[in-house]
Amino acid sequence: MNILRALVCPVLLCAALIGAHASTAIADPIEIEHERGTLRLNTPATRVATINWAFTESVIALGLDPVAIADPQDYVDWVAKPDLPQSFVDLGQRSSPNLEALRASKPDLIISVPDLGMSYEKLAAIAPVLELRLFDGKRPAFETAREVFGKIAKATGREAEAKAYLAEFDQELIKYGDRIKTAIGPDQTINVVFFFDESNVGIFADISLPGSVMTAMGVPVAYDGEVNKWGFGRGGLEILAPYAKETLVYTNPVPEIVLDKLLNSPIWKVMDFTRNNRVYELPVVWAYGGVPSGLRFAKLLTETIENGPQ
Amino acid sequence: MSNSVLQASGRSGFPGTLSIPAILTGILGLLTLAVLVIDFWPYLAGGQATQALFSPDETDFDQILFHYSTLPRLAMAFLCGAGLALAGAAIQTVLRNPLASPTTLGVGAGVEFALTLFVLLAPASLAMFQEAFALAGGLIALAAVYLIAANRGNATLWLILAGMIVNLLLQSGSQIILLFNEQYLQSIFMWGAGDLAQNGWEDTQFVWPRVLIGMIAILALSRPLDLLALGDDTASSLGAKVTVLRLLILGLAVFITASVISAAGMIGFVGLAIPAALRIAGLSRSRDLMIYSVFTGGFALVVIDFLVRQFNEFGGDPLPTGAATALFGAPFIIFMLRKARIMPGSQSDDQHRDQQIVSKTALSITLSLSLVIGVVFSLFVSLDGNGFVVLGWQDSSFDILIGRSERTFAAMICGAALAVSGTLIQRVGRNPLASPEITGVSSATALAMIMALAIFGFGQRAELMVIGAAGGIASLLVLLALCRKFTHAPHYMLLNGLAMTAILGAIVRIVLTRGGTQTSMLMSWLAGTTYFTNMDEVMIVAAVTGVLLVVAIALKRPLELASLGTDQSVSLGLGISGFQFAMMLLAAILAASATLLVGPLSFVGLMAPHLARVAGYRLAGGHLLGAVLIGVNVMMVAEWLARNMIYPAQLPTGLIAALIGTSYFLILAVRKR
Chain A
1 MNILRALVCP VLLCAALIGA HASTAIADPI EIEHERGTLR LNTPATRVAT
51 INWAFTESVI ALGLDPVAIA DPQDYVDWVA KPDLPQSFVD LGQRSSPNLE
101 ALRASKPDLI ISVPDLGMSY EKLAAIAPVL ELRLFDGKRP AFETAREVFG
151 KIAKATGREA EAKAYLAEFD QELIKYGDRI KTAIGPDQTI NVVFFFDESN
201 VGIFADISLP GSVMTAMGVP VAYDGEVNKW GFGRGGLEIL APYAKETLVY
251 TNPVPEIVLD KLLNSPIWKV MDFTRNNRVY ELPVVWAYGG VPSGLRFAKL
301 LTETIENGPQ
Chain B
1 MSNSVLQASG RSGFPGTLSI PAILTGILGL LTLAVLVIDF WPYLAGGQAT
51 QALFSPDETD FDQILFHYST LPRLAMAFLC GAGLALAGAA IQTVLRNPLA
101 SPTTLGVGAG VEFALTLFVL LAPASLAMFQ EAFALAGGLI ALAAVYLIAA
151 NRGNATLWLI LAGMIVNLLL QSGSQIILLF NEQYLQSIFM WGAGDLAQNG
201 WEDTQFVWPR VLIGMIAILA LSRPLDLLAL GDDTASSLGA KVTVLRLLIL
251 GLAVFITASV ISAAGMIGFV GLAIPAALRI AGLSRSRDLM IYSVFTGGFA
301 LVVIDFLVRQ FNEFGGDPLP TGAATALFGA PFIIFMLRKA RIMPGSQSDD
351 QHRDQQIVSK TALSITLSLS LVIGVVFSLF VSLDGNGFVV LGWQDSSFDI
401 LIGRSERTFA AMICGAALAV SGTLIQRVGR NPLASPEITG VSSATALAMI
451 MALAIFGFGQ RAELMVIGAA GGIASLLVLL ALCRKFTHAP HYMLLNGLAM
501 TAILGAIVRI VLTRGGTQTS MLMSWLAGTT YFTNMDEVMI VAAVTGVLLV
551 VAIALKRPLE LASLGTDQSV SLGLGISGFQ FAMMLLAAIL AASATLLVGP
601 LSFVGLMAPH LARVAGYRLA GGHLLGAVLI GVNVMMVAEW LARNMIYPAQ
651 LPTGLIAALI GTSYFLILAV RKR
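Protein sequence lines correspond, in order, to chains A and B.
According to UniProt numbering, the first sequence is numbered sequentially starting from 1.
According to UniProt numbering, the second sequence is numbered sequentially starting from 1.
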């Protein structure tokens with residue numbers, strides 16, 4: 001296989017070079033692999049509609065303003081950064097983007113998720129659809145996010161920007177990772193949890209976005225139990241018990257009532273992380289996002305840990 | 001605890017004989033004892049039981065967990081089961097209706113609505129008022145129900161109808177709030193599905209005094225309640241103040257229900273299944289029924305919750321107890337029905353005195369006109385957040401019109417299909433509370449589709465539709481097979497259907513608690529969105545509906561006879577006549593088609609036939625056409641509102657239909673007093 005590749009690669013390279021020459025006359029179509037086979041675009045997309053926040057933030061991070069965005073209000077509450085553009089078309093809910101509003105925004109590319117596969121034909125009638133999967137429950141989410149980021153960059157003709165962004169990203173991650181390890185000490189691992197209600201919690205494993213970013217930072221994830229498609233396990237507070245000696249970081253937003261009850265409950269108070277004062281509160285960051293949210297998570301986690309327990 | 005059981009059976013009026021209820025309660029009691037022994041075993045063996053029970057070792061996490069999680073969970077399970085079963089027993093006795101349960105009166109939905117609102121909107125400084133708010137929600141719902149039903153001839157029937165209306169209204173309200181707070185969906189769903197996970201004794205301390213006070217008060221009133229059970233006239237002649245007693249007992253039952261639901265969420269099936277099963281098993285006096293219900297309900301929920309806990313220990317997503325309860329309870333009630341001796345005289349001979357509002361011809365013409373004008377308006381006029389926009393002629397106009405007509409026609413066809421389905425079921429079943437949902441067809445269709453979605457993923461709608469239809473028809477066949485021993489008893493079928501709906505609904509809820517991002521999409525489909533339909537599907541369902549409507553109208557004479565209870569058709573040997581079977585099959589196919597298109601709309605199939613009847617369409621043929629006209633109109637208006645009301649958000653049409661229909665029905669009901 002490897003020998004074959006070694007032989008074929010130079011040939012392909014030559015072909016590509018010849019092709020590049022030819023393409024000065026007729027631009028080669030951009031080809032991107034996605035959930036529906038191969039998407040061909042004759043020119044890079046400039047008017048992009050995003051139906052999932054991971055795509056919204058990725059497009060913005062690549063320096064392009066999406067023309068249509070789903071759930072922009074909730075984006076502000078749950079994703080927070082990067083800032084949304086000054087003007088765009090509000091598509092309504094992510095689960096049922098308004099097709100008339102979408103059409104009115106005149107997109108030349110719609111980026112959607114397989115969850116919305118049922119309306120693929122309807123979306124495709126408006127503009128070419130790039131359907132990208134973010135979570136499959138097997139692959140580390142950060143790896144998928146990087147690939148998705150690359151595909152979006154390709155579709156919008158911003159591969160150079162993406163390469164620069166990811167290169168800087170990797171450097172930053174290592175730096176943040178080192179800072180966290182210095183702050184919590186060499187033996188500690190970290191659990192990132194979120195609260196469903198005062199008795200039920202979710203806990204991110206290494207294949208989730210926060211978990212896989214931490215792995216890339218060189219910061220060990222404590223939780224190693226069962227997970228779902230999004231890479232978190234879930235249960236009563238007792239699922240935290242085996243990891244109570246480790247550091248705990250909880251995410252936001254949480255309804256105040258829930259937080260109040262949970263932090264004052266006897267089981268929470270008896271846990272070692274509470275007693276050892278190793279509980280940290282993370283500001284709002286989107287745990288199911290793309291590359292920009294991954295970087296933001298790394299930054300906020302570092303700052304949170306350095307600022308000390310809450 | 002087994003002592004109390006013996007005491008209870010001693011009081012029950014079956015001394016010396018081992019009655020079925022006593023055996024049932026005894027078995028559940030023994031199982032509960034086994035649960036306690038298993039839970040306590042680590043501490044019993046180590047001699048630390050007292051310590052773990054009263055003052056856990058602060059350094060031993062297992063003891064802390066046992067004391068603050070396992071113990072309160074056991075206590076809560078017993079309290080919730082006992083409280084809900086007693087409330088159910090009381091309500092069933094007062095309303096003399098085996099389909100009644102604490103949730104039938106809208107209390108559950110009221111509490112859920114209030115709590116959803118509170119959790120999402122109230123600041124932490126108001127946390128202390130959360131329970132009061134929930135209680136108020138339940139009581140206001142009850143007050144609304146009572147207000148509508150009071151001073152009516154057939155108060156028993158009207159209470160249930162009014163409860164159902166208020167239920168639909170509040171559930172739609174809760175779902176709309178949830179759809180706009182997608183991020184909190186999972187936690188609300190956990191609670192909504194009845195989650196008994198405990199973190200401290202707080203909830204138990206909230207629930208136990210309330211349940212206890214409620215129980216004592218209800219038991220004290222059980223003697224007058226027995227008089228009530230003899231019927232309004234008899235009780236009045238004996239000097240009991242019927243209305244006051246009813247109100248008092250219902251109020252207490254609601255008080256218990258609201259306390260339980262605000263602490264643990266919807267664990268609805270206990271309140272329906274336990275007293276119904278005990279009654280079928282032979283308990284008829286309300287005092288016996290209630291005492292048995294307390295223990296049977298409590299034990300049953302402890303045992304079920306124990307099984308749920310074992311399941312949850314396998315890891316992965318936890319299973320909510322309330323949803324699991326329905327899974328355990330529903331087959332049980334089906335089993336019990338086979339030896340059923342249910343209390344007589346429910347609503348089959350319902351003759352509520354609704355006057356004709358306007359002349360039928362004028363009404364029909366008005367409805368048809370509004371249909372034509374409405375379609376034109378729906379297609380060409382929309383809102384864009386700033387005001388009305390009339391569609392002009394541009395390049396994209398044709399595509400926009402196609403998109404709008406797909407959805408508008410889908411909604412209208414479903415309105416028609418469900419209206420016909422509901423009319424057939426209500427007529428053949430001779431029950432104005434019946435609907436496609438109650439026979440389990442809608443739920444089965446939805447369930448089959450949800451399973452298919454979970455297994456095969458999204459995108460294959462054609463295959464999904466076939467799978468859904470198969471599910472709907474299979475559920476109907478199972479239902480008929482279960483009913484085969486009953487002669488002329490549409491009620492059993494409905495009760496069976498209700499049990500099946502509960503099982504399927506529970507599975508749907510469990511799937512929803514673990515749906516994640518897909519949850520909101522599944523939820524909007526379940527709530528009846530036309531968003532995903534396309535023209536080919538609309539055409540297929542339209543053809544099916546058209547043909548079956550013609551068939552139903554052609555059969556209007558036998559249908560008329562069937563709804564009068566003088567059906568002379570040849571029996572199939574299934575316990576129901578061949579004609580009834582055929583009509584039910586027709587209704588099932590119609591309901592399944594509508595479900596495939598826009599999800600299991602829970603409103604139109606129930607309300608359109610009922611409204612048609614209230615409006616004066618009495619004979620079978622007219623009833624069918626009237627229901628279709630009303631169903632189509634309501635769905636058309638609902639569809640336009642769903643697309644435009646909160647532009648650019650797209651609301652599920654089913655929710656809006658429920659809101660429109662129930663509000664109208666409430667106004668009508670109040671004005672007619």
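The hints are simulated quantities; they were obtained by calculation from the structure and are not laboratory data.
Beta carbons: idealized from backbone N, C-alpha and C, even for Gly.
It cannot be assumed that every hint is accurate.
[As the list claims (entries may be wrong)] Anything over 12 Å on all C-beta distances counts as not near chain B; from chain A, calculated:
1) L41
2) K81
3) P128
4) E306
[Claimed, not checked] Computed, partial: chain B to chain A, Cβ under 10 Å:
5) S370
6) I373
7) L641
8) R643
9) I646
Now for the hints, and whether the structure bears them out:
No Cβ of chain B comes within 12 Å of the Cβ of L41/A; the nearest lies about 21 Å off, and the non-interface call holds. Distance to chain B confirms K81/A as a non-interface residue, since its nearest Cβ pair spans about 17 Å, more than 12 Å. Residue placement check: P128/A keeps its beta carbon more than 12 Å from all beta carbons of chain B (closest about 16 Å). No Cβ of chain B comes within 12 Å of the Cβ of E306/A; the nearest lies about 27 Å off, and the non-interface call holds.
Of the supplied interface hints, the one on S370/B is violated, with its beta-carbon coming no nearer than about 24 Å to a beta-carbon of chain A, more than 10 Å. A hinted interface residue such as I373/B counts as satisfied when its beta carbon comes closer than 10 Å to some beta carbon of chain A; here the least separation is about 22 Å, so the hint is violated. With a cut of 10 Å, the hint placing L641/B at the interface with chain A is violated, because the nearest CB-to-CB distance is about 15 Å. Hint status for R643/B relative to chain A: holds, with the closest Cβ pair at about 8 Å, below 10 Å.
Proximity of I646/B to chain A holds as hinted, the smallest CB-CB distance being about 8 Å (cut-off 10 Å).
Consistency note: the structure conflicts with the earlier hints numbered 5, 6, 7.
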